[in-house]
Amino acid sequence: MSRRNRKRRIHDSAFSRRSLPGSAPGTLIVDPNAPKPKIHVVAYSAEKILERDIEDVQDVRSILNQWPVTWINVAGLGDLSVITRLGEIFNLHRLALEDVINVHQRPKVEQYKDYCYVVVRAVRNKEGIASEQISIFLGKNFVLSFQENPSSSFDPVIIRVREGKGRTRIAGPDHLAYALIDAIIDGYFPVLEHYGELVESLEDAIVAQPDGKLIEHIHDMRHGLLIIRRAAWPLREAMTVLYREPIPLIDEEERIYLRDCYDHMVQIIDLLENYRDITSGLMEVYLSSISNRTNEIMKVLTIISAVFIPLTLVAGIYGMNFRHMPELEWGYPYYFYGLMVMIASALLLYFRIKGWLGSSERSKERQREANQRNI
Amino acid sequence: MSRRNRKRRIHDSAFSRRSLPGSAPGTLIVDPNAPKPKIHVVAYSAEKILERDIEDVQDVRSILNQWPVTWINVAGLGDLSVITRLGEIFNLHRLALEDVINVHQRPKVEQYKDYCYVVVRAVRNKEGIASEQISIFLGKNFVLSFQENPSSSFDPVIIRVREGKGRTRIAGPDHLAYALIDAIIDGYFPVLEHYGELVESLEDAIVAQPDGKLIEHIHDMRHGLLIIRRAAWPLREAMTVLYREPIPLIDEEERIYLRDCYDHMVQIIDLLENYRDITSGLMEVYLSSISNRTNEIMKVLTIISAVFIPLTLVAGIYGMNFRHMPELEWGYPYYFYGLMVMIASALLLYFRIKGWLGSSERSKERQREANQRNI
Amino acid sequence: MSRRNRKRRIHDSAFSRRSLPGSAPGTLIVDPNAPKPKIHVVAYSAEKILERDIEDVQDVRSILNQWPVTWINVAGLGDLSVITRLGEIFNLHRLALEDVINVHQRPKVEQYKDYCYVVVRAVRNKEGIASEQISIFLGKNFVLSFQENPSSSFDPVIIRVREGKGRTRIAGPDHLAYALIDAIIDGYFPVLEHYGELVESLEDAIVAQPDGKLIEHIHDMRHGLLIIRRAAWPLREAMTVLYREPIPLIDEEERIYLRDCYDHMVQIIDLLENYRDITSGLMEVYLSSISNRTNEIMKVLTIISAVFIPLTLVAGIYGMNFRHMPELEWGYPYYFYGLMVMIASALLLYFRIKGWLGSSERSKERQREANQRNI
Amino acid sequence: MSRRNRKRRIHDSAFSRRSLPGSAPGTLIVDPNAPKPKIHVVAYSAEKILERDIEDVQDVRSILNQWPVTWINVAGLGDLSVITRLGEIFNLHRLALEDVINVHQRPKVEQYKDYCYVVVRAVRNKEGIASEQISIFLGKNFVLSFQENPSSSFDPVIIRVREGKGRTRIAGPDHLAYALIDAIIDGYFPVLEHYGELVESLEDAIVAQPDGKLIEHIHDMRHGLLIIRRAAWPLREAMTVLYREPIPLIDEEERIYLRDCYDHMVQIIDLLENYRDITSGLMEVYLSSISNRTNEIMKVLTIISAVFIPLTLVAGIYGMNFRHMPELEWGYPYYFYGLMVMIASALLLYFRIKGWLGSSERSKERQREANQRNI
Amino acid sequence: MSRRNRKRRIHDSAFSRRSLPGSAPGTLIVDPNAPKPKIHVVAYSAEKILERDIEDVQDVRSILNQWPVTWINVAGLGDLSVITRLGEIFNLHRLALEDVINVHQRPKVEQYKDYCYVVVRAVRNKEGIASEQISIFLGKNFVLSFQENPSSSFDPVIIRVREGKGRTRIAGPDHLAYALIDAIIDGYFPVLEHYGELVESLEDAIVAQPDGKLIEHIHDMRHGLLIIRRAAWPLREAMTVLYREPIPLIDEEERIYLRDCYDHMVQIIDLLENYRDITSGLMEVYLSSISNRTNEIMKVLTIISAVFIPLTLVAGIYGMNFRHMPELEWGYPYYFYGLMVMIASALLLYFRIKGWLGSSERSKERQREANQRNI
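Chains B, V, Z, F and S, in that order, are what the protein sequence lines are. Here our numbering is used: the first residue of the first sequence is 91, the next is one more, and so on. Here our numbering is used: the first residue of the second sequence is 91, the next is one more, and so on. Here our numbering is used: the first residue of the third sequence is 91, the next is one more, and so on. Here our numbering is used: the first residue of the fourth sequence is 91, the next is one more, and so on. Here our numbering is used: the first residue of the fifth sequence is 91, the next is one more, and so on.
Worth double-checking, as some hints may not be accurate.
Because identical chains share one entry, a pair is satisfied inside a single copy or across any pair of copies.
[To be verified] Calculated lysine to aspartate or glutamate pairs in the EDC-like style (CA-CA distance at most 20 Å, straight line):
1. Lys203 / Glu343
2. Lys216 / Asp276
3. Lys303 / Glu374
4. Lys198 / Glu188
5. Lys138 / Asp294
6. Lys303 / Glu141
7. Lys203 / Asp341
8. Lys230 / Glu253
9. Lys255 / Glu178
10. Lys198 / Asp353
11. Lys444 / Asp301
12. Lys444 / Glu344
13. Lys255 / Glu188
14. Lys444 / Asp294
15. Lys255 / Asp146
16. Lys198 / Glu327
17. Lys303 / Glu290
18. Lys230 / Asp276
19. Lys230 / Glu178
20. Lys230 / Asp204
21. Lys230 / Glu200
22. Lys303 / Glu335
FYI, nobody ran anything at the bench for these hints, they're computed from the structure. All values derive from a computational prediction rather than experimental measurement.
For reference, chain B alone in the conformation it holds in the complex:
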């Protein structure tokens, strides 16, 4: 990944609180860069359905209470007045609204008197891993959801509501909330699959040829897994609360579905931790392969030095200008070349016995035997 991506991701993991330290609780300050909200309302009973994009928040009042289930989805948090007016219509606590706007919440379930506030985080792998906050308010006859950015993750739920198959239209708002959460959790799997492939390609790359960039890839991968992890662990906890604790707004029958969500979260975390373990292992394999290569390089250097430096000495000796060196008179110096070849051969033999030379063939053989045994 490019440097830009890494920075972006770090920025994601850090965050900036918009309200000043010490400001009154529930102070709502909107991120100026947040996209303007688009409001989509779906109201339905088992027989009928009303679907509409609305501009004026007050239109919600006229729809609400007319239908067994009203779902208001707000995509984008860039307009404070929309959020506060919705807060008034549904009588939401200011602290909850603050959490909706301040998009760095951990997934959680908070029960208020008339509604239940669920924060979940979706993961997305567009230009780097990032997680995104989705706030869901579940009331007696409504579901109010806030998305950080407009996205298509709720589309399959809308389609199911339109088609009205299965339990979707018969069940209450608790089933709708479940469907939204389930859609978000399902979005984790393709991201994890991508990481599965990354792990595989890193494993192959380390075996083929470890180079200095691999360590950055491993670090990037770990960083990405950390981001998913920060979203996934508290989401699992929130799911435990939803399916185990007695929440009056959630029907007994719905719990089997929520247990399924919980099951998926457990599977996701299982995979996550598995990838983390493998990645740590890769780091060690990488480090040891560097050490191994330094070792190999040292061997080459040592063998070359050990063979040629003594020979250079011999040549140096016969290059001395002593007056009386009878060896120099002994006709053609071919015996001398013989001497050199002998010294070199002796040294190479020594290294071969020591296992520094030709070890690659022998070790390959041993390898082959080991493979046969291990299959």
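Dock chains V, Z, F and S against the given chain B, drawing on the hints supplied.
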């Protein structure tokens, strides 16, 4: 293990959800590569036994309720209609059926109104370690089991039922479910034994001659242990639920047997973690032995350089062309060779005192003493 | 950070108990370097407000019990008599007073009969990270707070009380205590943001050019995170106690606000641990990049030695003084230079095949491909 | 330790289940290499005692029920008929008998209707560390114990029973069971003491001269500690069960004694973990000392190369055959030797300033100062 | 620290049980090297006080029951008869007496019918870190304390009793027991302060100049922290028991004081773990600084080799004895020196571009900038 094996195994640990994110809960989509199901029915009372392979799922209806215990084993998940029709016959929840088909569940126990759904995972060491999902539905008078692939792991149970020895035919379907789970858990032991031998051979190989391939073996081994671990830990949890929590379908007397299963799982995990600890230790031993060897190579290089480079200088000096070098006139230069030998000896003596030379003998001696003390 | 800073910080993490071992419990000994206390009193009801700096502690008596809420803030702990006299006025336990003065307490909540004693720690990033003790006594109609040093962290609370917006003036002393704690917790975020930027700049620096000072930066960063951690973890525990356990002095309605504080602490710890994880990863990346560079240096050395040492031998051989070396007579020795070039080329080719030369280009290419795949 | 020992120990930690996977629960298959059982019976009341070696298991029937306490000790598990007939006499569950024979159980306490089954493991340091299974059945008036191999660990208990001092003869079979467990737990201490000495000698060896065999010793030590750990941790858990949970067969007064056993186990585990921590530390010290030595070797190589290679160049220059090199005519070349000495001195001075030379003296001095400060 | 000290300390962490394995419970065997006991009795009521050294244990009987509180302090455990006779007088359980003598107990609280037995451990930093067992028996009207060695740690308590200030003389034996425990816990702080200074000096030393002895210091430090840790963790647990669990002998009002003790233990452990974390970090910094230095050395070697070896080759070429080398005839060989300087300069330039030369200045500058940013 070959590269192909490694890939296969990773593929095992990752997975692909077949249903699209956001699709309705309980959407059943079958893996096109899954083997076609073979259905084997065994119905028995203490006196009689009926055993049959059936083609048409509806045949089950005629057998069911006629016998105290009916066991339907489905090997292979490649035909959706078989599974859905069995779901109708036994009145199974769609989410449970989805889990049967989606073979990446963690072992778990789920109680429904009329039956209990148990997911276990078997491990197999054919062409690499892999784990396989077995789904078991335990009802008042039936056991319905789904195997990912046809395998022989249930054969000993069939034989025991046929022979009718011990409690097998007298006890209810809970004992049969126990027998199936026990057979699967017993299958972990040969795989672990294989790993025990692998650990041993790796330990020997590291002592004998550490080479670059060892690290891959250690990594493969850790990877394999992770796969077993992912199956074993939740299986232990599931066993705890089965033997401790009050499940109406399970007889009080059967709990002693299930506790035995739990005990085996504890033993398996104990061994697993033991192997993991040893493997981590091996990694460290391996890394330190590489460092040690680099050290040895450096010593050889340094000694050779330190001995020959000064000598080469001496030879170089007497090879200079100064007009007045009276030494060059001093008859035969044997005193000069003496000088060289002296320099070399002095340097070797220095290295010996420093402990870089001949250390192998001395250290072996010290080793021997240490051994005697440690026995 | 300079050496001075590191020392200062360590000193912060260590500490010196002023009372001698074995002295009577509740022995109050003041740090001679502590700043002299400044006492600020704010008393208010929904309608009226009284704000005053006081010199004589006895003035407190006249204000107390006249107002629904009286807040006495003592900034600086350098005068024992002030603290003991306040202790008498509010009837505080000697052990609690000892804890006020001995500013190395971990955050905690202690319930006494008439009041509740809360210790929190603020973090500050002026000339190095340090944490500071704030003691808060919450009574039926008063809040008594002690700051280690005068600071502006309570200013926003004072302003809110003056302005009287929202619940601040209507609610009791429990809301005031909450507001103080919230202000302190909010102070953690800018410090963590600073660390987020540090992590980012370290990541960039390691990729750009790892040098020996980086390790000190990483160590300093870890040290700083440890200091925050020692304050944050017990503070989270204390928040759990405040919002979950039944404390008579805290109103039911106030718990939602305290849960919000708890939530913030969880977020802070989440970030902290995230930074710690990333920092550990950076350490490994750093170590591996050093190994990599040693590797590179060794390659350069080996290639240069391997190319030039054999050539030097060849030159040495033709510098020998043998009488009969017919090669020396073969006219211009250009064939000899050719031989040298050939030897050198052969060796360079060998290293190129081995992947030691020009690997940078090839690996960059591979890198580029990998990047395209990973986006 | 020799290679043989290592293998033997690994073999201990692995194991082979004798029954085939899927065989009926409670299938009893005896290890053909297990020693033949020796049966020793001690029956006693406060006044009398009967002690006898018996051959025929049926003799037990005649003794049982005649005495307040009957202790049957079976040393060796090599005869299936002995074990099954004892199982019949005492009415033991087949699963319990299976656990007696399959000697790889973790320590545990299992309550059956009429008796309590306790598995403990003894450690032994003969030819390598190994642990051994002891099964104890505690009934209303009997204790039945099975030892894997005949050993002398119960001798002190026999002597105490014979002498009849203290509570031994007055108390019931629960006290006898306690005495047996206590004797086994006491056997851990000499083994740990041996490891304490090993740790000490390894620490000294690493300081004195780290060599390649040390790492194997550390690995062996860790391996041994793992074996003890696998026996000790579950034994502690079993002791907790024995002293805390209400077991009807165990007298209230006996619990103080069992708490003492539990205390010893806590102490044993405390020591174990301590040794493990120290051993990990030793590994790091070892690795860093290797790095340090490589560093030292590199320094020697670099200094020698840096000093002699330039000198060789100088000598080479004056060995050139240029016609016009006036320097060569300048009388005796002593100024030239001076030049060489100067170059060499300058380089050595440079290295000294850099701290590579003579550092040993300076660092020793610094060391000495540090020591004085640290005492 | 010297080798002697290390040995002594290890010996402290190991231990030798004096009673043989399997000996009867409560067998009392005294360490022959233990100092002879000195018995000091202090009896007091609110008005009067009696203080006396006694020789004969029976004298205790005459004092006991005459005073509201009688404190018997036994310093030194070298005389079995003293301990057994005290056991008879106070009717102590033999297992408790065994624990008094066997001075390797972990801190714990054990309730017996008439008294409460508390084991605490004091730490001492005289000639190395060591911990020492203090046994305290708290009865209805007495406190009986056993010190392993005579020490002055109880002196401040004696003085407070004599002076009779505060609660000391009014409160019962529970307050006295608290005062003793508090005095022992206070003794941990100076030891930890010493370690704080050690950490600081190690951090400075690693930055200044890492050498081989540092690793031993770090190891010694970790060893010492382990010894304190083994005493501190169970002591914290024991304090939890004392202040939380209902113990009839401890007054409700005394619990606030015991909670203060618990608080101190939490602080101590917090610091301990902090130092351990920092020390681990130091180890990594140390290892990386060694790698860095090896790197530096390699650079020097490579630069020198790379510059001089090619030059030597050039000189060697012109030293060859070919008949026809026209270059040799070209007048003064100054152009040749120019060639050499050019080659050398080119190589140095190459290394400078690569960042191996002069990097220190550039990196210092970058460092400076980084510092300014980080403050």
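Hint-by-hint comparison with the structure:
1. In this homomeric assembly, Lys203 and Glu343 come within 20 Å of each other (Cα to Cα) only across copies, at 12 Å, whereas the closest approach inside a single copy is 22 Å.
2. In this homomeric assembly, Lys216 and Asp276 come within 20 Å of each other (Cα to Cα) only inside a single copy, at 16 Å, whereas the closest approach across copies is 32 Å.
3. For the identical chains of this complex, Lys303 and Glu374 are neighbours both inside a copy (15 Å) and across copies (14 Å), given an alpha-carbon limit of 20 Å.
4. Only within a single protomer do Lys198 and Glu188 lie at most 20 Å apart by alpha-carbon distance; the minimum there is 14 Å, versus 27 Å between protomers.
5. Taking the closest pair of Cα atoms, Lys138 and Asp294 never come within 20 Å of each other, the shortest separation being 55 Å inside a single copy and 57 Å across copies.
6. Taking the shortest Cα distances, Lys303 and Glu141 never come within 20 Å of each other, neither inside one copy (51 Å) nor across copies (61 Å).
7. Proximity of Lys203 to Asp341 under the C-alpha cut-off of 20 Å is found in both arrangements, the shortest distances being 17 Å within a copy and 16 Å between copies.
8. With identical chains, the CA atoms of Lys230 and Glu253 are never at most 20 Å apart, being 23 Å at best within one copy and 38 Å at best between copies.
9. Within a single copy, Lys255 and Glu178 get their C-alpha atoms only as close as 34 Å, which misses the 20 Å cut-off; across copies the closest is 19 Å, which meets it.
10. Taking the shortest alpha-carbon separations for Lys198 and Asp353, both the intra-copy value of 17 Å and the inter-copy value of 9 Å come in at or below 20 Å.
11. Taking CA atoms no more than 20 Å apart as the test, Lys444 paired with Asp301 passes between copies only; the shortest distance there is 14 Å, against 29 Å inside one copy.
12. Taking CA atoms no more than 20 Å apart as the test, Lys444 paired with Glu344 passes in neither setting, with 71 Å inside one copy and 63 Å between copies.
13. Taking the closest pair of Cα atoms, Lys255 and Glu188 come within 20 Å of each other only across two copies (17 Å); inside a single copy the shortest separation is 36 Å, beyond that limit.
14. Proximity of Lys444 to Asp294 under the C-alpha cut-off of 20 Å is restricted to the inter-copy arrangement: shortest distance 19 Å between copies versus 31 Å within a copy.
15. For the identical chains of this complex, Lys255 and Asp146 are neighbours neither inside a copy (31 Å) nor across copies (29 Å), given an alpha-carbon limit of 20 Å.
16. In this homomeric assembly, Lys198 and Glu327 come within 20 Å of each other (Cα to Cα) both inside a single copy, at 8 Å, and across copies, at 18 Å.
17. For a Cα distance limit of 20 Å, the shortest separation of Lys303 from Glu290 qualifies both inside one copy, at 16 Å, and across copies, at 18 Å.
18. Within a single copy, Lys230 and Asp276 get their C-alpha atoms no closer than 26 Å, and across copies no closer than 34 Å, so neither meets the 20 Å cut-off.
19. When the C-alpha separation of Lys230 and Glu178 is checked against a cutoff of 20 Å, the pair qualifies only within one copy, where the shortest distance is 16 Å, while the shortest distance between copies is 33 Å.
20. For the identical chains of this complex, Lys230 and Asp204 are intra-copy neighbours only, at 8 Å inside a copy versus 31 Å across copies, given an alpha-carbon limit of 20 Å.
21. In this assembly of identical chains, the alpha carbons of Lys230 and Glu200 lie at most 20 Å apart only when taken from the same copy (15 Å versus 29 Å across copies).
22. Neither within a single protomer nor between protomers do Lys303 and Glu335 lie at most 20 Å apart by alpha-carbon distance, with minima of 48 Å and 52 Å respectively.
Taken one by one, the earlier hints fail for this structure at numbers 5, 6, 8, 12, 15, 18, 22, listed in ascending order.
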